[in-house]
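Student: Using the hints, put the two chains back together into the complex; each one sits in its own frame.
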Amino acid sequence: MLDDIAIRVRQNVGIVTAVLLFAILYLLYNLAHPKGFSSAVLVQNGDEIFALAMLAMAQTVPVLASGLDLSVGAVMTMVGCFASYLLTGAADGTPLHLDIFGLQFGLGTFPGGVSGILLGIVLCLATGALAGFINGCVVVYGRIQPIIATLATGAVYIGIALFLRPTPGGKIDEDLNWALTNSLGDFAATVHIFDDGAASWFAPVAWIPVPFVLLILIALLVWVPFRRSVIGRAVYAVGSAEGAAYMSGLPIERAKIAAFTLAGFFAGCGGLFLAIQTSSGNADIPQAGAYTLNSIASVVIGGTSLLGGTGSAIGSIFGAMVLRVISFFFRIFDIAPLLQPLFEGLILLGAVSISALGVLRVKNTLELFR
Amino acid sequence: MTTASLGLSRDDRPILIAALFILVILVAGTVYTVARFGSAPLLSPTYLLQQLQIGAFLGIVAAGMMMVILIAQIDLSVPWTLAAAAMMATSIGGPLAIPVGLGVGLVVGLINGIGIAYLRVPSMIFTLGVNAVMRGLMVAHTGGYAPQTGATDLMRMLAGDRTLGIPNALFVWIAVSVLIAIVLQRTTLGRYVYAIGNKEAAAYLAGVDTRRITVICFVLCGLAAALAGVLLAGYSTKAYQGMGDAYLLPSIAAVVIGGTNILGGRGRYLGTLIGVVLIVLLNSVLSIMDMPEAGRQVIYGLVIIFMLLVYGRGERVTS
Numbered sequence: 001m002l003d004d005i006a007i008r009v010r011q012n013v014g015i016v017t018a019v020l021l022f023a024i025l026y027l028l029y030n031l032a033h034p035k036g037f038s039s040a041v042l043v044q045n046g047d048e049i050f051a052l053a054m055l056a057m058a059q060t061v062p063v064l065a066s067g068l069d070l071s072v073g074a075v076m077t078m079v080g081c082f083a084s085y086l087l088t089g090a091a092d093g094t095p096l097h098l099d100i101f102g103l104q105f106g107l108g109t110f111p112g113g114v115s116g117i118l119l120g121i122v123l124c125l126a127t128g129a130l131a132g133f134i135n136g137c138v139v140v141y142g143r144i145q146p147i148i149a150t151l152a153t154g155a156v157y158i159g160i161a162l163f164l165r166p167t168p169g170g171k172i173d174e175d176l177n178w179a180l181t182n183s184l185g186d187f188a189a190t191v192h193i194f195d196d197g198a199a200s201w202f203a204p205v206a207w208i209p210v211p212f213v214l215l216i217l218i219a220l221l222v223w224v225p226f227r228r229s230v231i232g233r234a235v236y237a238v239g240s241a242e243g244a245a246y247m248s249g250l251p252i253e254r255a256k257i258a259a260f261t262l263a264g265f266f267a268g269c270g271g272l273f274l275a276i277q278t279s280s281g282n283a284d285i286p287q288a289g290a291y292t293l294n295s296i297a298s299v300v301i302g303g304t305s306l307l308g309g310t311g312s313a314i315g316s317i318f319g320a321m322v323l324r325v326i327s328f329f330f331r332i333f334d335i336a337p338l339l340q341p342l343f344e345g346l347i348l349l350g351a352v353s354i355s356a357l358g359v360l361r362v363k364n365t366l367e368l369f370r
Numbered sequence: 001m002t003t004a005s006l007g008l009s010r011d012d013r014p015i016l017i018a019a020l021f022i023l024v025i026l027v028a029g030t031v032y033t034v035a036r037f038g039s040a041p042l043l044s045p046t047y048l049l050q051q052l053q054i055g056a057f058l059g060i061v062a063a064g065m066m067m068v069i070l071i072a073q074i075d076l077s078v079p080w081t082l083a084a085a086a087m088m089a090t091s092i093g094g095p096l097a098i099p100v101g102l103g104v105g106l107v108v109g110l111i112n113g114i115g116i117a118y119l120r121v122p123s124m125i126f127t128l129g130v131n132a133v134m135r136g137l138m139v140a141h142t143g144g145y146a147p148q149t150g151a152t153d154l155m156r157m158l159a160g161d162r163t164l165g166i167p168n169a170l171f172v173w174i175a176v177s178v179l180i181a182i183v184l185q186r187t188t189l190g191r192y193v194y195a196i197g198n199k200e201a202a203a204y205l206a207g208v209d210t211r212r213i214t215v216i217c218f219v220l221c222g223l224a225a226a227l228a229g230v231l232l233a234g235y236s237t238k239a240y241q242g243m244g245d246a247y248l249l250p251s252i253a254a255v256v257i258g259g260t261n262i263l264g265g266r267g268r269y270l271g272t273l274i275g276v277v278l279i280v281l282l283n284s285v286l287s288i289m290d291m292p293e294a295g296r297q298v299i300y301g302l303v304i305i306f307m308l309l310v311y312g313r314g315e316r317v318t319s
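Residue numbers (UniProt numbering), protein chains in the order written: chain A, 1 to 370; chain B, 1 to 319.
One chain only, chain B, in its complex shape (with noise of 0.2 Å):
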């Protein structure tokens, strides 16, 4: 009732709170440092930046990790796919890495597509599947050790420089975030895919080719995690072992902080964008404040059900 008299729809509430809770580790961290450095590093511009530029790579795997979650559907494969786009684009290097690159996520989101939308295995087996089948192909292909291959200079241009101050990547966050959330609000595409969360069924009986659309949203879940991929090999100027495995977890919460529906259906591209710097926030906090791993974890844990519980309950089931 409150929220309805505040002018507020069901899908605002969560980006509001979560809004609110950066403003809250802000505040906490600026405390921190003042009484100990006596500083405010998180208050200053480049600082900022700085974290945001780290932060792009996880908001362009959340941005495709959204658009398969809002399906009701979930991608495992994000790890191993934006690690073998790193390092074919590495070792291919020249002028056809990045697009050599995106053509590695765009094929493991055809197959992922494939196999569920036609096959209808379950997203949550079939992507773990195809990820391990990523992970021995790389493997073989690098032999286990990190590739020696380096970067192109496009791949540390997009991702290490900056323009007019601000780092390049940001940019492509940008433009990515603007293309799903066009996508997503614009188009008949973005209609869609909410009606294929919501109910499968009843979008195929209106006429929706339901299967292309799933197949779609792989891909451009693939997609995502291969850019993501390419610009991280260009941000450190070579590919590594395992370099995808600190994003896959991260991006499912950075969605689901966001406000959408982990059974999808629901959800705005804005709130997986407060997601994303929410996360990013809370991780450079906690390193400000030497928290050891373990800390780190808990507290990581806790904030997940804490948002969850002020704004992500589920209906209780009554028929």
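Chain A on its own, in the form it takes in the complex (with noise of 0.2 Å):
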């Protein structure tokens, strides 16, 4: 039993000290927080946390088979930008028209209320996976390289972005963001179930943030039955040896498309959450950079190889929650605001440099190049 253990430990050595980093900074920074251990401080936190934790998810499926997607930044910010048009909550729908080079194409009323948020929900996500499946494609069967292959279909993505919002604007439903984005007993007042968020059961529960339910809610119903399925063994089977994967007559292909358009899902999660949570679009081109950025970051932290075929997406999202938890502190310790970028590139490079000392255990110079 403890052998077993011991050995899953083992395995998963990238996975557990992430997840111990965070417990320790995360534990650290409530005991210096003012509010520290509070629901309040915990909804902060997650709302802060959510849409890097989706990109990093992102990232980590193509990262798997041994891609990279320089894209999930930009499809988060195209979805969002979709979201601050269909999202709007208007309750006798919001009216949709095209206007390329001063030519004017209506396309109808989106429908409001309840029935239109819900729609544009699924819309946003699916454009989402749609993006991420057009990378599949080029990447399959165009055989160009991901990485050039997603940087290119980045920019018509932030192209696309660029021209829904050329300013930040647009609107969100405010119950919806008001909904999403504090804890579940605020979730059910506004959605008026479970007597409005009063029933005595329910009391216990009630302090949770959305965000990180929303978050488990993900992981549990999308990444895990992935990873189970046989194109999820695929996956990690191309990232560790695309070769013998083919020769075993795995579906490499299939594994690859479906690998980029659950990333292009999870950063549609992404964008839909941070257009929510600002209530509008914005096509913010370094900051689709910097998420594109942080979400490898992320990645690697979490104990996923970048050359594929080992690690998790639930490694990543702690990853993405030890940067964040970083960027806490600075907060906390009162930190210029000035200093914290070299002290996030700091962390960074020392995180990655002190995994690496392994390299200098290595007694045969030749299993330095794989």
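In case anyone wonders, no lab produced these hints; they're calculated from the structure. Backbone N, C-alpha and C fix where the C-beta goes; we use that ideal spot for every residue, glycine too. Don't take every hint at face value.
[Claimed, not checked] Just the calculated beta-carbon pair ranges, DEER-fashion:
(1) B/Val107 / A/Asp334: 24 to 32 Å
(2) A/Pro34 / B/His141: 49 to 57 Å
(3) A/Phe333 / B/Ala28: 50 to 58 Å
(4) B/Ala140 / A/Ala199: 51 to 59 Å
(5) B/Val107 / A/Phe333: 25 to 33 Å
Tutor: What follows is the structure in structure tokens.
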């Protein structure tokens, strides 16, 4: 039994390190925070973590197949811009029109009300998945290296986002914003379930922030089944040895397309939440770039190898949380905002260098060149 | 088969197609300007020289980036290496400005190289961290504002002035190009670079000190980015925050459009030159057309995909 646990820990040393690091950092953060261990702090942190955690999951899937998706930030931004048109929640619907080089096309009215919002959410997530699917097709059927293919498609998606929102704007339904960015109790009160959240059995869980619940739900309902499916296993196989996967008759093309599609879906979730949280759509190119790069950093901190084949999206969630908690510390300890990028960079470099110190123990230099 | 019968090697085909595409851009842009304004600025030597002067900065960055891509690595620290070199050069000033600026690039390249070659950290993540550190250092150094110090006269002369009607920046670009082309084609270092890009383990077994070569490539890339930064500061008479951000992705795109394999080991320097010219001309035609940023991004992405679909396709994995 104990041996069993020891083996599992050794196999997942990356994830275990990320979880421990996060646990220690977060405990220290709450101890140092004047309102530590309260639902309010947890809710605020959840809102700040969610988008990056989704992008980290998004980045993980192609990385497992030894690809890299440089378009996750762009997909997030594009979906956010779509959301700022589709989720306005206006009771009598939102009129949509297209304006290309001065030519106006009416697209009818997007339904309002609760059904309109639900339809809008589905459409936004489908847009993200479609963008990922296109990435996958370019990579698999175009036979272009993922890193450069997604660099190019990312430019296209950012272009579409800029087309939709040349300047930040739009609107998101206030109730939706309130329900998703607060605690479960507020969610229940907004959507009128469980006696508006006053049910006695509901009280013990009412303090949990909705973003964390969403994160766990997405991980359990999307990632875990994918990981256990044939396609999911094929993604890992492609990442560790594509030739061997091909010779074993695994569906490598479908696996790659599925990996990029899932990445697009996760990035879409992140973009949708970011739009709901900020109540607007904003085609912010530097922000998209920063999220893409931070997603790669999260993946590495979360114990997934950039060479592919080992790791997990769950680890990347913790990697994203570690990155975010580090920036929380800047607020607590009043570190000058000007010094924050320096500390972020040093911590990232330190983390990857320490985990790389194992190379000093390698006796046969040939083992270094994988 | 057909390429062989035309006497073209696998590495020449992308260069030829990219060159043809440049002609297409020139013709399409000229047809547009003639139809709309009744003039053809794209064909005037003055305009083209001016575009090439702006393109020189991208060209120098791309030359360094190519060295790194050829050994199957990547350098994401270019934006803030460029900006840091420019900021340090302008704040030191005097005759030491340019050596100090280049020194920044040398140090960054050394750190990158050591982390990647000896610690074996993936270049993607290590250079990302170095970029963040450089950004942090520069933000702390300048207080987050545009530095008030200006470029020295020598920097302005190198980047902004002209000799015999030709911009000096173009001469610098040509000098860098000749140097890189000679290194790649005529020296053992160049042979080693291609060998490492193809299979590092094989190069190591053949007796190449692959880690030292990796460090040298990153140092060259850092130096190139720093040189571009110093020149860009001279061109705009000062350094500013985020001045390097517009150079990372276009430099990678230029190298890849020029036929260099992003996985390393294959590609000629002439291709990178053509790739840079292609991107610069595409940008200038789009700005003549008054294309909004949204359209630019879309066209930019589609051109990269199109070019790679024509000649950049990998081989199907079959074993």
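Student: With 51 to 59 Å as the target window, see if B/Ala140 and A/Ala199 comply at their CB atoms.
Tutor: 52 Å, holds
Student: Note whether the CB distance of A/Pro34 and B/His141 lies within 49 to 57 Å or breaks it.
Tutor: Cβ of A/Pro34 to Cβ of B/His141: about 33 Å, so the range 49 to 57 Å is violated.
Student: Is 50 to 58 Å right for how far apart the beta carbons of A/Phe333 and B/Ala28 are?
Tutor: About 57 Å separates the Cβ atoms of A/Phe333 and B/Ala28, which means 50 to 58 Å holds.
Student: Note whether the CB distance of B/Val107 and A/Asp334 lies within 24 to 32 Å or breaks it.
Tutor: Once the Cβ atoms are compared, 31 Å apart, the range 24 to 32 Å for A/Asp334 and B/Val107 holds.
Student: Between B/Val107 and A/Phe333, does the beta-carbon spacing fit 25 to 33 Å?
Tutor: 29 Å, holds
Taken one by one, the earlier hints fail for this structure only at number 2.
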